[in-house]
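J.: Protein chains in written order, with the numbering used here: chain U, 1 to 327; chain V, 1 to 322; chain Y, 1 to 304.
One thing to keep in mind: the hints can contain errors.
[As the list claims (entries may be wrong)] In silico lysine to aspartate or glutamate, DMTMM-like type, Cα no more than 25 Å apart, as pairs:
#	chain 1	residue 1	chain 2	residue 2
1	V	274	U	190
2	V	274	U	212
3	V	175	V	155
4	U	314	U	44
5	V	274	U	213
6	U	14	U	89
7	Y	258	Y	48
8	U	120	Y	291
9	Y	147	Y	291
10	U	82	U	97
11	U	120	Y	246
12	V	274	U	156
13	U	120	U	182
14	U	254	V	196
15	V	274	U	224
16	U	82	U	21
17	U	120	U	190
18	U	254	V	263
19	U	291	V	257
20	U	88	U	44
21	U	88	U	224
22	V	175	V	82
23	U	314	U	213
24	V	175	V	99
25	V	274	V	224
26	U	254	V	269
27	V	274	U	184
28	V	274	U	146
29	U	14	U	184
30	V	175	V	135
31	U	254	V	264
32	U	254	V	257
33	V	175	V	196
34	U	312	U	250
It should be emphasised that the hints constitute simulated quantities derived from the structure, not laboratory data.
Note that the structure is predicted; figures quoted are calculated from it, not measured.
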Amino acid sequence: MLEPTVVNGQILLKVQSLTKDFPIGGNVLSRIAGHTRVMRAVNEVSFTINRGEVVGLVGESGCGKSTSALMLLRLLNATSGKIHYRGKEITELQGAELTSFRRQVQMVFQDSHSALNPRKVVRRTLHEALRARYGRTPDLEEKAIELLRTTGLGVEILGRYPHELSGGQRQRIGIARAMAMEPEFIVADEPVSSLDVSLQAQIINVFQSLREERGLTMMLISHDLALVNFLCNRVLVMYAGEVVESGISEQVMKHAAHPYTQALIGAVPRGLAGRGQRTQALAGTSETLGKGCSFAPRCPVATQYCQEVAPKNKAISEGHTAACHLL
Amino acid sequence: MDNRLLEVSNLRVAFPVGNAMAEAVRGVSFGIDTGDAVGVLGESGSGKSVTALAILKLIPSTGRITEGSVRFAGRDLLSMSEANIRKLRGRDLSMVFQDPLTAFNPALRIGRQLLNVIRAHTSSSIQNARARALEVLDLVGLPDPARVMRAYPHELSGGMRQRALIGIALACNPKLLIADEPTTALDVTIQAQIVELFHKLRTELGLTLLYITHNLDLMAELCDRAIVMYAGNIVEEGSVTDLFQSPRHPYTRMLIDCVPRLEDARNRELTVIKGMPPPINATNRGCLFSPRCPSVIDRCRVDDPQEDFEGERRFACWNPRL
Amino acid sequence: MTLRRDMGNKQLLLLHSIASSRTGLLGLCLVSAMALMAVFAPWIAPYDPTQIDMLNRLQPPSLSHWMGTDLTGRDVFSRLIWGARPSLQVGILAVLIGLPGGFAVGLLAGFYRGTILEAILMRIVEIIAAVPLLIVAIAVVGVLGVKPMPLGPFMITNEVKIIVVLGFLYIPGLARVVFAVAASEATSDYIRARRIQGVGDFTLMVSDILPNCLSVVIVWGTLLTAGGVLAEAGLSFVGLGVQPPDASWGVMLSDARKFIFSGEWWLLLFPGLAISLTVIGLNLLGDALRDILDPRQYTGPRLD
Chain U
1 MLEPTVVNGQ
11 ILLKVQSLTK
21 DFPIGGNVLS
31 RIAGHTRVMR
41 AVNEVSFTIN
51 RGEVVGLVGE
61 SGCGKSTSAL
71 MLLRLLNATS
81 GKIHYRGKEI
91 TELQGAELTS
101 FRRQVQMVFQ
111 DSHSALNPRK
121 VVRRTLHEAL
131 RARYGRTPDL
141 EEKAIELLRT
151 TGLGVEILGR
161 YPHELSGGQR
171 QRIGIARAMA
181 MEPEFIVADE
191 PVSSLDVSLQ
201 AQIINVFQSL
211 REERGLTMML
221 ISHDLALVNF
231 LCNRVLVMYA
241 GEVVESGISE
251 QVMKHAAHPY
261 TQALIGAVPR
271 GLAGRGQRTQ
281 ALAGTSETLG
291 KGCSFAPRCP
301 VATQYCQEVA
311 PKNKAISEGH
321 TAACHLL
Chain V
1 MDNRLLEVSN
11 LRVAFPVGNA
21 MAEAVRGVSF
31 GIDTGDAVGV
41 LGESGSGKSV
51 TALAILKLIP
61 STGRITEGSV
71 RFAGRDLLSM
81 SEANIRKLRG
91 RDLSMVFQDP
101 LTAFNPALRI
111 GRQLLNVIRA
121 HTSSSIQNAR
131 ARALEVLDLV
141 GLPDPARVMR
151 AYPHELSGGM
161 RQRALIGIAL
171 ACNPKLLIAD
181 EPTTALDVTI
191 QAQIVELFHK
201 LRTELGLTLL
211 YITHNLDLMA
221 ELCDRAIVMY
231 AGNIVEEGSV
241 TDLFQSPRHP
251 YTRMLIDCVP
261 RLEDARNREL
271 TVIKGMPPPI
281 NATNRGCLFS
291 PRCPSVIDRC
301 RVDDPQEDFE
311 GERRFACWNP
321 RL
Chain Y
1 MTLRRDMGNK
11 QLLLLHSIAS
21 SRTGLLGLCL
31 VSAMALMAVF
41 APWIAPYDPT
51 QIDMLNRLQP
61 PSLSHWMGTD
71 LTGRDVFSRL
81 IWGARPSLQV
91 GILAVLIGLP
101 GGFAVGLLAG
111 FYRGTILEAI
121 LMRIVEIIAA
131 VPLLIVAIAV
141 VGVLGVKPMP
151 LGPFMITNEV
161 KIIVVLGFLY
171 IPGLARVVFA
181 VAASEATSDY
191 IRARRIQGVG
201 DFTLMVSDIL
211 PNCLSVVIVW
221 GTLLTAGGVL
231 AEAGLSFVGL
241 GVQPPDASWG
251 VMLSDARKFI
261 FSGEWWLLLF
271 PGLAISLTVI
281 GLNLLGDALR
291 DILDPRQYTG
301 PRLD
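Isolated chain U (complex conformation) (with noise of 0.2 Å):
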């Protein structure tokens, strides 16, 4: 597998303070008035992605993690934050100006019943999007089959409707739809996760080939810290709607520093080498005191401090970061 060319460190990405709450509870007046309470599902998060990088954004469910790529893309309005794409700040764009940052931004979202249309047969989907892309032209067709063919697949799933598909068929489906739009940077999310672990391999290839042929920036946002590890150069941890930890792949998976990446590692199955050492399971649910950090109810070296002040990221070596107050 090649190393992902990183190139000249170019920032494709930068996002800053990202957060977004939600109301709960009341009714629509309410809420859009903004007297209900709040849940803040990302809370101030910033990373930056260089282009020709492949970075993973990982985490369990309820972590912010899908909230803040469905921000990147526009696709849920951030509560505060900016985010800079090629340098221009995205959050406020409106019109052609959407439109044209809409042509470099595609996302390949996980395989559920609702990831294609299920009404409409697979070429429709692919001229749809081609259409969006290139506007009427008249090779639409050679242009669809051009694309199953980059994602593996043959001219007979164009007639076809996604519930006639496999699981692996529609998540090729899914990406090549990303790729009508001739995106330079994909988000991934989840791609794989529902998949058979024999068709997981194949979609992972899939993507590698393409970032190999396209130069492809990536975000893969996933909760599997092994295939994250495989795929990604650079590494986030999500906890609660916060990054803990960020880094270089090896570094991050050998020599976590965070007490919650420590957790995640130790969970994943070892297979034999994890027979007979019982390393101990992190116990509890990722429910928040309000205040100090919000990984204290369950870690397992918190002190007084950790749950009254919340800890700021800060490095620990080049490219490593993590926000832990024992560092």
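Chains V and Y: place on chain U using the hints.
T.: Below, chains V and Y alone, put in the same frame as chain U:
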């Protein structure tokens, strides 16, 4: 053989697909001794869940067990009446399912559902049943069992629900617990908690376990022996160590190699099994894995593979890796 | 059975599927029979439905009058055949009038779920839903009268007034059904995928969500048509619908009111049967359509 708790012989289960019956399980045979932890490894379409449901005679009414026998503690389950097998289910033979949310009745409190099971199978008084319920909830590691008893399923987190489900399965001291992908719907850290729980139940209670999963590494940690299923057949069986270190069947080998692991070097080649599993109504002759197999030889496409035995191991392949 | 593409175009496929379920087939037959009766009335009906013949009034069914004659000697059979027209017309046209409104409201409310627009639209829907048909019908007739009124080049008969009123009152039912689908589809990943292609809200609603609403609308529409048949019968029965001497099943029942206990059973039985069979047929058809159109969109449970 005295120790044999479960003996499945040549089990075949078919479902209607279109106008014909298609076999989801095509002649499966295996045994579990008391105290064993046996894993069933397979992907979707392998027939692993249908096998488990067939053992408990819980397959959907459209399906039929067309052949084979299931003997549990010496008794033939398939010829048992529904009334008799209902006495076994939940008491001697128990099952934990994948999705803890749908496995519970959302309208009843956990305590009520737990008590229902206990009182259905034992003649305990209410006080004894309650005491047993609290004991069981504590056994599965739930903090504050009394509060859990009063809670509704949706008030608990996924991990706690799964523990409660395991508790219900254990309430009447089953001889055999079948767990079908009990951690797939859970986060990795919660999964580790549940695996730890199973491990504790094995060491402290000597629980006999049949653990169905598609996650090889998870299975390898928990089980001693494993059966690998593909397209309704058992393609390999052996100790977990043997399977991982020297798999005989190409499918087993490729399944192990196609999963990225943390310990691996980052630029390892990921083995890809090309193609897709056959549809349930596939009727090709020969080995059903042959279209995707890198070690396929001519015989594979013509003759159904016969089982080869090697000590405690067996595998069904014309061209195994040795 | 599975729908296979090689069986030809979609309409034939649909018919085949309906026909392969017994209840669907029965429904289809009943509805078709009534529809054919309505369409070919001028050619099938043996007599003029408004022709009075006082010498032969209140005759029981005979060879010359298969269903007997009514209180003014008109042939019941002919009136029954002609009476299919207003019943089916009201049923079908009312649904067609309610459709655009129902779709528009349902799509908008579902797509913009959680916003003020949804709140306003659904409250309006609730208000309309609370309005009883009979009261509105009385009000309209009270204001406009039951006589046909000219409107430009058109003649608005009473039947048309009912159709419009009913169609308007059908909007909430259709809107709710569309809203449910639209709200659930609007949060789908495929809508997100289309958004990031730069597609605007209107296109999303019409091109992506609307097709997903079609099957529920077809089913609900069939059931509403049945309701329309009943509504027409009811309104005509109380004199607010089709006006004499025109025939409609409701008018026939109304005329038969005086004769319930005096033994002229044919005056009640035939129109009553006609209404019942039509409504049953539409309901059965709707059931069959529901079974065919919805679950087949998705694969059956995977067998593991």
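J.: All the hints need checking, so say for each whether the structure fits it.
T.: Outcome of the hint check:
1. V:274 <-> U:190: holds (21 Å)
2. V:274 <-> U:212: With Cα atoms ~20 Å apart, residue 274 of chain V and residue 212 of chain U stay inside 25 Å; holds.
3. V:175 <-> V:155: violated (30 Å)
4. U:314 <-> U:44: Holds: residue 314 of chain U and residue 44 of chain U sit about 14 Å apart, inside 25 Å.
5. V:274 <-> U:213: Answer holds: residue 274 of chain V to residue 213 of chain U is near 21 Å, not above 25 Å.
6. U:14 <-> U:89: At roughly 9 Å apart (the allowed maximum being 25 Å), residue 89 of chain U and residue 14 of chain U satisfy the hint.
7. Y:258 <-> Y:48: holds (23 Å)
8. U:120 <-> Y:291: holds (20 Å)
9. Y:147 <-> Y:291: The hint is violated at about 43 Å.
10. U:82 <-> U:97: Distance of about 17 Å is within 25 Å: holds.
11. U:120 <-> Y:246: Measuring from Cα to Cα gives roughly 48 Å; hence the hint is violated.
12. V:274 <-> U:156: holds (18 Å)
13. U:120 <-> U:182: holds (22 Å)
14. U:254 <-> V:196: Status holds; Cα separation ~23 Å.
15. V:274 <-> U:224: Cα-Cα ~22 Å, so holds.
16. U:82 <-> U:21: holds (15 Å)
17. U:120 <-> U:190: Given that 25 Å is the threshold and the Cα spacing comes to 23 Å, the pair holds.
18. U:254 <-> V:263: holds (9 Å)
19. U:291 <-> V:257: Roughly 44 Å separates the two Cα atoms, so the pair is violated.
20. U:88 <-> U:44: The given pair, whose Cα atoms are some 19 Å apart, holds under the 25 Å limit.
21. U:88 <-> U:224: Not OK: residue 88 of chain U and residue 224 of chain U at ~32 Å, beyond 25 Å, violated.
22. V:175 <-> V:82: Judged against 25 Å, a Cα distance of about 20 Å means the pair holds.
23. U:314 <-> U:213: Violated, because 36 Å separates the two Cα atoms, which is more than 25 Å.
24. V:175 <-> V:99: holds (23 Å)
25. V:274 <-> V:224: violated (30 Å)
26. U:254 <-> V:269: holds (20 Å)
27. V:274 <-> U:184: violated (28 Å)
28. V:274 <-> U:146: holds (20 Å)
29. U:14 <-> U:184: holds (15 Å)
30. V:175 <-> V:135: Answer holds: residue 175 of chain V to residue 135 of chain V is near 18 Å, not above 25 Å.
31. U:254 <-> V:264: Holds. Residue 254 of chain U to residue 264 of chain V sits at ~11 Å (cutoff 25 Å).
32. U:254 <-> V:257: holds (21 Å)
33. V:175 <-> V:196: holds (20 Å)
34. U:312 <-> U:250: The given pair, whose Cα atoms are some 23 Å apart, holds under the 25 Å limit.
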